[in-house]
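Listed in order, the protein sequences are those of chains A and B. This note's numbering applies: residue 1 is where the first sequence begins, and numbers increase by one. This note's numbering applies: residue 116 is where the second sequence begins, and numbers increase by one.
Because the hints were derived from the structure by calculation, they are not lab data. Hints should not be assumed to be uniformly reliable.
In the DSS-like style, the derived pairs of lysine-lysine whose C-alpha atoms are separated by at most 30 Å in a straight line are [stated by the list, open to error]:
no.	chain 1	residue 1	chain 2	residue 2
1	B	K183	B	K120
2	B	K183	A	K13
3	B	K183	B	K169
4	A	K57	B	K186
5	B	K120	A	K57
Here's the letter readout for the chains.
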Amino acid sequence: KAGVTQTPRYLIKTRGQQVTLSCSPISGHRSVSWYQQTPGQGLQFLFEYFSETQRNKGNFPGRFSGRQFSNSRSEMNVSTLELGDSALYLCASSLLAGGGNNEQFFGPGTRLTVL
Amino acid sequence: DQQVKQNSPSLSVQEGRISILNCDYTNSMFDYFLWYKKYPAEGPTFLISISSIKDKNEDGRFTVFLNKSAKHLSLHIVPSQPGDSAVYFCAASRGYSSASKIIFGSGTRLSIRP
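Isolated chain B (complex conformation):
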């Protein structure tokens, strides 16, 4: 039973265009959502997050949108750059007190082509 789903295992986007990574969740108790980026041979690094009280959070080229009614969030990268090629993990958390409350998706591999 996957509570956090990233249905696209991979995505290829041309450099300079917009990359949109999607994530769906099933548990309405999640109140905090995160995106991590992972390069090969490195651990995931935190990218951007959003609280359930918001529907949008922006940080430079990265914007996360949250649609609570649809239980869906998305990460937009504009413009896409070669260094954005990585695996992106979506994660959702219930509460703030424990790592055990964070559920990760299976990841989407983003490739930026020249």
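Bound conformation, chain A alone:
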């Protein structure tokens, strides 16, 4: 069974631009969550989607948005990029919701650099 895939793996953008990241979950998984990882900050929760519906959103500005398609694939968009948005963006899929012992499987991440 293929794992979680994320595209692109690396991305360089300049301030003010926008970016779209893509995540394909494990086949059959309906829940997709997004995290931002920065040095010294661990993984910060961005969004959680289940069956095309955003169930939860983390404490991030409105420049960060996302969606999930009927095939469970998910996209995340960041508009008006700032230098502080440089981070590793991780996507995780799970069969059901990703809390507690509902194991999440992470993709390799997209490394975004904002210049």
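Got chain A; can you put chain B on it based on the hints?
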């Protein structure tokens, strides 16, 4: 306000010895705790977990201990092997219904030296 803290950014242990990674939390409502392991250029992978109703969970070379009164958990790896060199994230969860309830620590980089 970091609810889950890993105060040691890095740890170096000799191969064959015990590695102990520590994690502290502040929210007494957490009822499920997880450890993830992350290699460079890969996403985190689930390692081991423990429910708040237990104080110990063991899986092969990995054991997690939970001290609820001290709001502290630790991961023991015995014996440490070169392949254990990675970043380890501690995480705590409130409830079972959402990824938004999982709070991650900042990670500890473990290096196993020969």
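Evaluated hints:
Only pairs whose Cα atoms come within 30 Å are accepted, and B:K183 paired with B:K120 is accepted, the gap being roughly 15 Å. A C-alpha spacing of about 45 Å is found between B:K183 and A:K13, which places the hinted pair above 30 Å, so the restraint is violated. Proposed proximity of B:K183 and B:K169 is supported: the alpha carbons are some 9 Å apart, at most 30 Å. With a CA separation close to 27 Å, the supplied pair A:K57 and B:K186 stays within the 30 Å bound.
The suggested pairing of B:K120 with A:K57 holds, with an alpha-carbon distance near 22 Å, which does not exceed 30 Å.
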